[in-house]
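Quick note, the sequences are listed as chains C and G, same order.
Using this note's numbering, read the first sequence as starting at 28 and increasing by one per residue.
Using this note's numbering, read the second sequence as starting at 28 and increasing by one per residue.
Mixed in with the good hints, there may be bad ones.
Okay, the calculated beta carbon distance ranges per label pair [unchecked claim]: (1) Arg61(G) / Gln296(C): 51 to 61 Å; (2) His315(G) / Ser265(C): 36 to 46 Å; (3) Glu228(G) / Asn51(C): 24 to 34 Å.
Just so you know, the hints here were simulated from the structure itself, not pulled from any lab data.
Here a beta-carbon is modelled for each residue, glycine too, at the ideal position from N, C-alpha and C.
Number of protein chains: 2
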Amino acid sequence: MFISHLSRYIPENIVPNAHFTQINGLTDEWILSRTGIQERRKANLKENTNLLAIQAVRKGLENLPFPKEKIDLIVGGTYTPYDTIHTLAHAIQYDLNISDIPVISVSTACSTFVNAMEIVQGYFAMNKANFALVVVADHNTAYSNDLDTVGGHLWGDGASAFFVSKTRQTEQDWEVMDIITAGAGNVGKANEGVFLRPTQEGFVMKYGKDVFLNACQYMTKVTQDILKRNNLSLNDLSYFVPHQANLRITKNVAQQLELPEEKALSNIQYLGNTGCAGCAIALDENKHLFKKGDNIVVAVFGGGYSYGAMLVKV
Amino acid sequence: MFISHLSRYIPENIVPNAHFTQINGLTDEWILSRTGIQERRKANLKENTNLLAIQAVRKGLENLPFPKEKIDLIVGGTYTPYDTIHTLAHAIQYDLNISDIPVISVSTACSTFVNAMEIVQGYFAMNKANFALVVVADHNTAYSNDLDTVGGHLWGDGASAFFVSKTRQTEQDWEVMDIITAGAGNVGKANEGVFLRPTQEGFVMKYGKDVFLNACQYMTKVTQDILKRNNLSLNDLSYFVPHQANLRITKNVAQQLELPEEKALSNIQYLGNTGCAGCAIALDENKHLFKKGDNIVVAVFGGGYSYGAMLVKV
């Protein structure tokens, strides 16, 4: 399958680290040294998860290389839902006004993007779809608490849309060579390392260290695995696009993989942790860098726990 | 693909219609005539969506016709999440302690069960799984408001687990002959007919009539469609298992399809609307009725909107 087009939407409102100094005493230096985050974006009061997603799709429609009417599958991804009934994917369908196609929303926390792509792979394999739209969005600030000194400063909002075709549409298409996904819900503190229980409270980062260690371990291993099973070495890797949870995690994984730092793409410095949209946004932001034939690995880890990787050839 | 085994879990606590008379003045007669509901089950304070799902799975493991270690895919479904990070599917993985298999949670509101089965079909088509566990659970009472005279009395809690194999395991397996799913998120009042916005409030049934009319229309049409494309007539239909939203919807659909009332299976009378678990629970409750060769259609409609059907041969 092929990524024919992609887009993103980032809210305008910038929240610098100084915001937290005023509210809970965390300094710019402390946040920066622990997370790599300098600022993050926050949705405004009229925005929500579904509207962030719709904005990303509308942006993508501007240069879509095929008519939008061809879209015959919508897979939405979020763990910060605005509405669990008129879900993110159904809100996209409403905005696109395309009838009677499979529409589903999925979640594996921060790793959702790769799972959503794998579900598309399944619909293509069944011959039940040919042109899929994958939209990932997280409105983390709707569920986070600025007063929380453990995790309140981590979160940003954002969305990204991927237009995925079963067959190549143009020479500019990227080919999805392979996808691996897996739950690790039975590992370490998966059941309460980080959680979001809507009827109780927002995000709770109870065992941040366990999340950190498992993210470093799983993103490294799944990257090695997907390269190996496609007969590629680390030298063949042009760019590495990890889930944007923490710049220290990205650096740790890059170091374990012995990757030069410039090959690991990051946006957490200015977007914060945008959840399952982070790595998807990074792909869109950096598309001008990618050259024909480049091998890109997207590697994700989600609280819960969950992990995955996608190998893309430009 | 084949349904090799199934199970359910229903909480013990019974809430009769009289409960609402005390709280908001709705009478037993009024609720019964409008919805067909006499009583519903409510999870206790220690239970949550994930624990309801785990109970259904544990029950299923008792007579599972293959070792649980063979399970290589878990798809969870709910629109009333306990935790959006350690999702329902990840909680199941935690309880089963099976490592490194695809694990995802999905939602298309009340129609989720059929979408979850279709995702399994996709993994089987990709040769990425052979033994899937589909678990649907809704803890509606965690999000509903007993004071709400529009919809507070509708909701019940429950869960069901389906053990699905790519190849026939025993002569008792049911074969899944076909699945249709589609969003109808662009139809009528799909965007606000009924909604659940966790950061705002619980369930709101804003346009119940629009939901009712679309449920009657879509469940009838998708049943006709799935029979037609499998060269079956309504006379070939042994049992019809609709989403359990309202007994009047079930009767309306059965009437449109000219089905004898006894062919349409219902549990809403004593379970209420158990969300995406309702039709799955009904299949498990009635399995003693089904004879070899029976054709069963499960037809679903979800707020949001969304619809689907699954044709099963016993």
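Hint by hint, here is what the structure shows:
no., hint, in the structure
1, Arg61(G) / Gln296(C): 51 to 61 Å, "56 Å, holds"
2, His315(G) / Ser265(C): 36 to 46 Å, "59 Å, violated"
3, Glu228(G) / Asn51(C): 24 to 34 Å, "28 Å, holds"
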